[in-house]
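Taken in sequence, the protein lines are chains A and B. Mapping of the first sequence onto this note's numbering: position 321 corresponds to residue 321, and the numbering continues sequentially without gaps. Mapping of the second sequence onto this note's numbering: position 160 corresponds to residue 160, and the numbering continues sequentially without gaps.
No wet-lab data here; the hints were simulated from the structure. Treat the hints with care, since some could be wrong.
What the hints assert, rightly or not - In silico SDA-like cross-links for lysine to any residue, where the CA-CA straight-line distance does not exceed 20 Å:
#1 A:Lys250 with A:Gly262
#2 A:Lys510 with B:Pro29
#3 A:Lys63 with B:Asp62
#4 A:Lys684 with A:Ser84
#5 A:Lys684 with A:Phe756
#6 A:Lys485 with B:Ala66
#7 A:Lys731 with A:Leu754
#8 A:Lys485 with B:Asn89
#9 A:Lys789 with A:His41
#10 A:Lys789 with A:Val45
#11 A:Lys510 with B:Glu33
#12 A:Lys51 with A:Val121
#13 A:Lys610 with B:Asn89
#14 A:Lys610 with B:Arg57
#15 A:Lys26 with A:Leu91
#16 A:Lys485 with B:Asp62
#17 A:Lys51 with A:Glu33
#18 A:Lys485 with B:Leu59
#19 A:Lys485 with B:Arg57
#20 A:Lys789 with A:Gln741
#21 A:Lys572 with A:Phe515
#22 A:Lys510 with B:Arg57
#23 A:Lys485 with B:Glu32
#24 A:Lys510 with B:Gly28
#25 A:Lys120 with A:Ser67
#26 A:Lys74 with B:Glu32
#27 A:Lys485 with B:Glu33
#28 A:Lys485 with B:Pro29
#29 A:Lys485 with B:Thr121
#30 A:Lys610 with A:Phe515
To be verified - Which residues of chain B face chain A? A partial, calculated answer using Cβ under 8 Å:
#31 Val30
#32 Glu34
#33 Leu59
#34 Asp60
#35 Gly61
#36 Asp73
#37 Glu101
#38 Glu104
#39 Ser114
The beta-carbon is built from N, C-alpha and C at its ideal position, and this holds for glycine as well.
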Amino acid sequence: MRIFLALAFLFFGSKSAFAQFTVSGKVTSDKGEILVGCHIHAANVYVNSGKDGSFSLQLPGGKHVISASFIGYKTSQRTISVTSDQTVDFLLETDVASLQEVVVSGNATSLTTQPRQTLKVNAIEKYSNASLGDLVKEISGVSSLKTGNAIVKPVINGLHSNRVLVINNNVRLEDQQWGLEHAPNLDVNAAGSVAVVKGAAGLQFGGDAIGGVIVVDPPKIPVKDTIYGRAILNGATNGQGGSASSSVFKGYKNGWNWKLQGTFKYMGDLETPDYVLSNTGIREKNFSVGFGHKGEHSGFDAFYSYYNAEIGILRASHIGNITDLVNAINNGQPAIIDDYTHNIASPKQAVQHHLAKLNYYRDWHSGRFDVQYSYQFNNRLEYDVRRGDNRDRAALDLDLATHALLADFTSDKTKDFRFKTGIGASYQNNIASIATGVRPLIPDYDKIDLGAYATSAYDVSATWRLEAGLRYDYSRVDATKFYLKSRWEERGYDESFAHFITGDFGTQWKTNPVFTYHNVSASVGSKFQIAEHLNWYVNASLARRNPNPAELFSDGLHHATGQIELGDLRLKQETAVKVATTFSYASGKLAVEVNPYANSIRDFMFLQPKGLEYTTRGAFPVWEYRQTDARLTGVDVTVDWDFHKNFNYHATFAYVHGKDMESGRPLIDMPPANWNNGVSFLKKEWYGFEVGLRSEWAFFQNRYPDNDFYADVIVDGNPVNTLVRISRPPKAYNLLHFSCQITLDSIPGVKTTLAFGIHNLLDTAYRDYLNRMRFYADDIGRNFTLQLKFNF
Amino acid sequence: MKKLRFLPLGMIAMLLASCSSDDNNNGGPVNEEEVITTVTVQLTPQAGGTSVTLTSRDLDGDGPTAPVITVSDNLTTNTVYNGTVTLLNEIANPIENITPEVIEEALDHQFFFSGSNGIGTAAYSAPFDSNNNPIGVNFTFTTTNAANGNLTVILRHEPNKTAQGVSNGDIANAGGETDVQVTFPVVVE
Numbered sequence: 001m002r003i004f005l006a007l008a009f010l011f012f013g014s015k016s017a018f019a020q021f022t023v024s025g026k027v028t029s030d031k032g033e034i035l036v037g038c039h040i041h042a043a044n045v046y047v048n049s050g051k052d053g054s055f056s057l058q059l060p061g062g063k064h065v066i067s068a069s070f071i072g073y074k075t076s077q078r079t080i081s082v083t084s085d086q087t088v089d090f091l092l093e094t095d096v097a098s099l100q101e102v103v104v105s106g107n108a109t110s111l112t113t114q115p116r117q118t119l120k121v122n123a124i125e126k127y128s129n130a131s132l133g134d135l136v137k138e139i140s141g142v143s144s145l146k147t148g149n150a151i152v153k154p155v156i157n158g159l160h161s162n163r164v165l166v167i168n169n170n171v172r173l174e175d176q177q178w179g180l181e182h183a184p185n186l187d188v189n190a191a192g193s194v195a196v197v198k199g200a201a202g203l204q205f206g207g208d209a210i211g212g213v214i215v216v217d218p219p220k221i222p223v224k225d226t227i228y229g230r231a232i233l234n235g236a237t238n239g240q241g242g243s244a245s246s247s248v249f250k251g252y253k254n255g256w257n258w259k260l261q262g263t264f265k266y267m268g269d270l271e272t273p274d275y276v277l278s279n280t281g282i283r284e285k286n287f288s289v290g291f292g293h294k295g296e297h298s299g300f301d302a303f304y305s306y307y308n309a310e311i312g313i314l315r316a317s318h319i320g321n322i323t324d325l326v327n328a329i330n331n332g333q334p335a336i337i338d339d340y341t342h343n344i345a346s347p348k349q350a351v352q353h354h355l356a357k358l359n360y361y362r363d364w365h366s367g368r369f370d371v372q373y374s375y376q377f378n379n380r381l382e383y384d385v386r387r388g389d390n391r392d393r394a395a396l397d398l399d400l401a402t403h404a405l406l407a408d409f410t411s412d413k414t415k416d417f418r419f420k421t422g423i424g425a426s427y428q429n430n431i432a433s434i435a436t437g438v439r440p441l442i443p444d445y446d447k448i449d450l451g452a453y454a455t456s457a458y459d460v461s462a463t464w465r466l467e468a469g470l471r472y473d474y475s476r477v478d479a480t481k482f483y484l485k486s487r488w489e490e491r492g493y494d495e496s497f498a499h500f501i502t503g504d505f506g507t508q509w510k511t512n513p514v515f516t517y518h519n520v521s522a523s524v525g526s527k528f529q530i531a532e533h534l535n536w537y538v539n540a541s542l543a544r545r546n547p548n549p550a551e552l553f554s555d556g557l558h559h560a561t562g563q564i565e566l567g568d569l570r571l572k573q574e575t576a577v578k579v580a581t582t583f584s585y586a587s588g589k590l591a592v593e594v595n596p597y598a599n600s601i602r603d604f605m606f607l608q609p610k611g612l613e614y615t616t617r618g619a620f621p622v623w624e625y626r627q628t629d630a631r632l633t634g635v636d637v638t639v640d641w642d643f644h645k646n647f648n649y650h651a652t653f654a655y656v657h658g659k660d661m662e663s664g665r666p667l668i669d670m671p672p673a674n675w676n677n678g679v680s681f682l683k684k685e686w687y688g689f690e691v692g693l694r695s696e697w698a699f700f701q702n703r704y705p706d707n708d709f710y711a712d713v714i715v716d717g718n719p720v721n722t723l724v725r726i727s728r729p730p731k732a733y734n735l736l737h738f739s740c741q742i743t744l745d746s747i748p749g750v751k752t753t754l755a756f757g758i759h760n761l762l763d764t765a766y767r768d769y770l771n772r773m774r775f776y777a778d779d780i781g782r783n784f785t786l787q788l789k790f791n792f
Numbered sequence: 001m002k003k004l005r006f007l008p009l010g011m012i013a014m015l016l017a018s019c020s021s022d023d024n025n026n027g028g029p030v031n032e033e034e035v036i037t038t039v040t041v042q043l044t045p046q047a048g049g050t051s052v053t054l055t056s057r058d059l060d061g062d063g064p065t066a067p068v069i070t071v072s073d074n075l076t077t078n079t080v081y082n083g084t085v086t087l088l089n090e091i092a093n094p095i096e097n098i099t100p101e102v103i104e105e106a107l108d109h110q111f112f113f114s115g116s117n118g119i120g121t122a123a124y125s126a127p128f129d130s131n132n133n134p135i136g137v138n139f140t141f142t143t144t145n146a147a148n149g150n151l152t153v154i155l156r157h158e159p160n161k162t163a164q165g166v167s168n169g170d171i172a173n174a175g176g177e178t179d180v181q182v183t184f185p186v187v188v189e
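With the hints as constraints, model all of the structure from the sequences given.
So, in structure tokens, the structure goes:
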């Protein structure tokens with residue numbers, strides 16, 4: 001209702017007649033650190049502090065309460081009488097009681113020497129109509145592995161899937177992310193901040209973040225009587241649809257709070273510059289609700305979120321055999337281009353994710369004790385192109401339930417030494433429905449995880465901080481899987497794993513594979529302030545990851561890639577040692593960050609081609625999971641420069657070099673070097689007018705393994721041995737994106753932002769190496785977007 | 001401790017939510033319902049005589065074992081054969097005949113036949129689909145001279161039947177995805 005009122009005000013309201021004054025200042029911590037992105041709130045206006053900790057607010061004359069809040073610090077409030085332009089500086093005290101929020105963002109003690117890139121609300125709102133994978137690409141060194149344009153997986157420094165942990169609201173997301181075409185099941189509109197840690201920091205959530213951690217935090221509700229919220233409407237021409245998202249937050253002075261958030265998205269077929277990408281629509285229906293209490297010495301937080309997405313998969317990418325693949329590669333455009341539609345047919349995915357959690361904390365012996373229970377339920381339905389009565393029946397139906405219990409203790413006894421320790425236990429159960437009539441690739445399994453960790457940080461001096469962390473994990477997987485006897489023998493399991501067989505079902509064995517794993521992970525780090533604006537970070541981490549269900553158990557045909565993928569029960573854990581250093585310079589106008597790294601992974605699990613297998617549908621290439629020693633080295637660079645009072649230049653560059661140390665070959669699917677440059681013009685006086693042009697440059701990936709293979713393709717009735725060229729990455733491309741926005745305060749209590757953008761301004765036809773649809777179709781063409789946003 | 005009263009409520013809600021479906025496979029295995037294990041082409045001389053049967057059978061579906069191809073006899077020169085294709089799923093219990101399903105979804109299916117090295121030519125017979133385009137479950141195969149070559153049978157799902165040449169049996173512009181592709185070695189004598 002409030003939105004309709006807001007709309008009504010927008011069109012009929014009159015502009016405020018009060019005089020405006022500028023209140024500016026700077027925010028620093030009690031330890032003298034500049035606080036960037038601090039939330040400054042006065043009346044109906046809020047801003048975030050800039051790179052140098054400074055902020056500026058426009059306020060009408062009169063008495064105002066200005067508050068400055070920042071995660072991990074006590075909120076500071078000042079009452080001022082505004083009669084002219086004035087300066088108000090804030091000094092924020094570290095807040096032990098709100099360490100929960102720091103915990104939420106990862107690990108209080110360990111993250112302090114691990115540089116992390118954080119995207120705040122402003123950036124997140126720009127991606128309101130997109131996905132988490134699209135959003136985190138803003139950060140240098142983060143790219144995305146896509147299946148079409150709706151399924152986007154984040155890739156950190158060349159690694160993805162189970163090597164990247166996603167922590168949503170302090171809960172480790174368990175949504176079957178082992179699949180390359182399984183995107184994180186969460187709504188970006190529910191996030192208050194998204195941080196990326198490139199490495200195995202945050203040992204609190206597990207020691208297996210070989211690639212990194214993405215920490216998604218909800219917005220923080222202050223302890224005071226307040227109600228605020230947001231509504232965003234998005235429209236896009238490419239896809240001919242849009243989304244609506246709204247949220248309301250209520251805080252009470254007595255510590256209680258609640259929040260409500262929902263998103264609805266409806267998009268049809270996407271289009272390349274030249275043709276329709278048939279069956280690429282998407283629907284999303286998400287909501288979340290939470291309430292809690294923050295007391296002086298204790299508090300709790302209850303949260304529930306629901307994510308529901310139906311995603312069409314490019315029809316032409318569902319192929320029957322190698323001849324179809326060769327045709328697709330040679331034709332240069334999809335074999336099936338239908339008339340434009342908003343309908344979604346098979347192949348498609350329908351995914352639902354429930355997350356419920358309860359968190360309680362209280363002060364205890366000069367520290368804080370936290371306990372959290374979370375429950376997640378993920379249902380994944382995948383629909384193939386099927387015949388007859390099976391047409392509307394899912395070909396894959398997985399139910400994954402995860403219960404997790406965490407208990408942590410944070411000690412903050414002395415200012416220069418902080419300590420945190422905790423234990424975690426989780427139980428996971430996967431059920432692959434047999435109602436599909438298709439042999440499930442992923443078996444039923446029960447998994448138990450137990451872990452314990454301790455991290456500490458020590459301030460050697462005012463400019464030098466050291467930290468160290470250690471974690472132990474125990475994991476036990478108990479699976480039930482039916483194997484074709486022919487496959488069991490082909491894999492050589494009859495010799496090593498005969499003891500797993502529990503039943504004989506004609507052509508299939510019933511088996512009960514059980515695996516246990518013991519892992520130790522660790523991290524050490526140092527943050528040293530070389531000069532006033534220059535920080536130097538050094539981090540080293542040891543991370544271990546268990547093979548996931550796909551790597552262990554896969555044994556069948558993948559329709560999108562036309563290949564047979566085989567897991568291996570003999571796989572053992574992979575172990576990564578990552579060393580990274582970051583030089584970070586941040587003064588008032590210029591921020592530069594350079595981050596070289598080397599990640600050495602022993603027993604790295606990957607898919608490698610292994611000849612052909614023949615079926616009634618023809619021949620298929622077989623890829624099997626194998627292990628090798630791999631090394632990834634690279635560098636990420638970010639530059640942000642306010643080179644004029646109204647102009648900003650922002651650039652990111654990332655390069656990663658992946659090598660299979662055993663064969664000497666390049667690793668597959670390594671993101672090509674990319675270089676993004678953006679210039680924006682900002683003039684606050686003109687209704688916050690902002691206009692920007694951004695160039696996105698993806699280089700040609702010339703380092704790729706040659707996995708081309710020969711197969712019989714039928715030409716004129718004869719099988720002709722043909723080279724199937726699946727390896728060579730697409731050529732380099734450059735895209736231009738335009739954006740502009742204005743912010744209106746014409747409605748009292750409502751900030752209205754109107755944003756217009758053109759994605760792929762020049763309608764460039766291109767293909768992306770990390771898009772699994774690249775064999776079949778171009779990527780999407782020009783897209784005009786319009787966003788209307790109300791903050792009240 | 002007032003706020004603790006919500007704890008049990010929350011726990012109950014979560015436990016309720018965690019009760020999930022029980023369609024797990026503690027019983028028997030899934031028998032692939034969609035797989036075509038067996039392709040049989042029956043060629044019967046129009047003028048009468050012994051028919052020739054070509055069979056491709058792959059009892060482990062997408063498993064590692066290759067299909068077993070058998071050809072019952074050689075073909076005779078200058079003969080017109082009536083051909084029939086039968087598709088079976090022999091993993092299913094009872095064995096499922098998939099041919100009627102293909103006929104039922106005639107608009108979405110078409111067989112293509114090609115003989116190499118001049119072993120013969122194929123032409124479509126009835127039934128046709130509702131647009132009068134071929135299905136190819138039945139066809140004629142005409143041999144001329146003695147030859148040694150391959151007969152390839154391809155079934156396409158959702159082909160573009162109106163594309164150039166497709167209704168005459170030319171697969172080049174058919175598109176769609178392959179459901180069946182088998183090659184039989186054939187001798188004409």
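Results of checking the hints against the structure:
Only pairs whose Cα atoms come within 20 Å are accepted, and lysine 250 of chain A paired with glycine 262 of chain A is accepted, the gap being roughly 15 Å. A C-alpha spacing of about 8 Å is found between lysine 510 of chain A and proline 29 of chain B, which places the hinted pair at or below 20 Å, so the restraint holds. A threshold of 20 Å between alpha carbons decides the hint, and for lysine 63 of chain A with aspartate 62 of chain B the separation of about 75 Å lies outside it, so the pair is violated. A threshold of 20 Å between alpha carbons decides the hint, and for lysine 684 of chain A with serine 84 of chain A the separation of about 18 Å falls inside it, so the pair holds.
At most 20 Å may separate the alpha-carbon atoms for a hinted pair to count; lysine 684 of chain A and phenylalanine 756 of chain A meet this at roughly 17 Å. Restraint check for lysine 485 of chain A and alanine 66 of chain B: satisfied, since their Cα atoms lie roughly 14 Å apart, inside the 20 Å limit. About 36 Å separates the Cα atoms of lysine 731 of chain A and leucine 754 of chain A, which puts this hinted pair outside 20 Å; it is violated. For the proposed pair lysine 485 of chain A and asparagine 89 of chain B, the alpha carbon gap of about 18 Å is at most 20 Å, so the pair holds.
Among the hinted pairs, lysine 789 of chain A with histidine 41 of chain A is consistent with the structure: their alpha-carbon atoms are about 18 Å apart, no more than 20 Å. For the hint pairing lysine 789 of chain A with valine 45 of chain A, the CA-to-CA distance comes to about 15 Å; that is within 20 Å, so the pair holds. For the proposed pair lysine 510 of chain A and glutamate 33 of chain B, the alpha carbon gap of about 19 Å is at most 20 Å, so the pair holds. For the proposed pair lysine 51 of chain A and valine 121 of chain A, the alpha carbon gap of about 16 Å is at most 20 Å, so the pair holds.
For the given pair, lysine 610 of chain A sits about 28 Å from asparagine 89 of chain B by alpha-carbon distance, which is inconsistent with the 20 Å threshold. For the suggested pair lysine 610 of chain A and arginine 57 of chain B, the alpha carbons sit about 24 Å apart, so the restraint of at most 20 Å is broken. At roughly 9 Å between alpha-carbon atoms, lysine 26 of chain A and leucine 91 of chain A fall within 20 Å of each other, so this suggested pair holds. With a C-alpha separation of about 12 Å, the suggested pair lysine 485 of chain A and aspartate 62 of chain B falls inside the 20 Å cut-off, and the hint holds.
Annotation: proposed proximity of lysine 51 of chain A to glutamate 33 of chain A holds, straight-line Cα distance about 12 Å (limit 20 Å). For the hint linking lysine 485 of chain A to leucine 59 of chain B, the alpha-carbon distance of about 11 Å falls within 20 Å, and the restraint holds. Among the hinted pairs, lysine 485 of chain A with arginine 57 of chain B is consistent with the structure: their alpha-carbon atoms are about 17 Å apart, no more than 20 Å. Between lysine 789 of chain A and glutamine 741 of chain A the alpha-carbon distance is near 11 Å, which keeps this suggested pair within the 20 Å criterion.
A threshold of 20 Å between alpha carbons decides the hint, and for lysine 572 of chain A with phenylalanine 515 of chain A the separation of about 10 Å falls inside it, so the pair holds. A threshold of 20 Å between alpha carbons decides the hint, and for lysine 510 of chain A with arginine 57 of chain B the separation of about 24 Å lies outside it, so the pair is violated. With a C-alpha separation of about 14 Å, the suggested pairing of lysine 485 of chain A with glutamate 32 of chain B holds against the 20 Å cut-off. Taking the CA atoms of lysine 510 of chain A and glycine 28 of chain B, the gap is near 8 Å; set against the 20 Å cutoff, the hint holds.
For the given pair, lysine 120 of chain A sits about 18 Å from serine 67 of chain A by alpha-carbon distance, which is consistent with the 20 Å threshold. Taking the CA atoms of lysine 74 of chain A and glutamate 32 of chain B, the gap is near 61 Å; set against the 20 Å cutoff, the hint is violated. For the given pair, lysine 485 of chain A sits about 18 Å from glutamate 33 of chain B by alpha-carbon distance, which is consistent with the 20 Å threshold. Simply put, lysine 485 of chain A and proline 29 of chain B have alpha-carbon atoms about 12 Å apart, close enough for the 20 Å limit, and the pair holds.
Simply put, lysine 485 of chain A and threonine 121 of chain B have alpha-carbon atoms about 40 Å apart, too far for the 20 Å limit, and the pair is violated. At roughly 26 Å between alpha-carbon atoms, lysine 610 of chain A and phenylalanine 515 of chain A are farther apart than 20 Å, so this suggested pair is violated. Checking valine 30 of chain B against chain A by beta carbon gives a least distance of about 5 Å; that is within 8 Å, so the hint holds. Because the closest C-beta pair between glutamate 34 of chain B and chain A is about 6 Å apart, less than 8 Å, the hint holds.
Given the 8 Å rule on beta carbons, the hint for leucine 59 of chain B holds: about 7 Å separates it from the nearest Cβ of chain A. Look at aspartate 60 of chain B: its Cβ gets to within about 4 Å of chain A, closer than 8 Å, so that hint holds up. Checking glycine 61 of chain B against chain A: minimum C-beta separation of about 7 Å stays under 8 Å; hint holds. With a cut of 8 Å, the hint placing aspartate 73 of chain B at the interface with chain A is violated, because the nearest CB-to-CB distance is about 20 Å.
For glutamate 101 of chain B, the interface hint holds, the least distance from its beta-carbon to any beta-carbon of chain A being 4 Å, beneath 8 Å. Hint status for glutamate 104 of chain B relative to chain A: holds, with the closest Cβ pair at about 7 Å, below 8 Å. A least Cβ separation of about 3 Å between serine 114 of chain B and chain A falls short of the 8 Å threshold, and the interface hint therefore holds.
When held up to the earlier numbered hints, the structure conflicts with 3, 7, 13, 14, 22, 26, 29, 30, 36 and fits the remainder.
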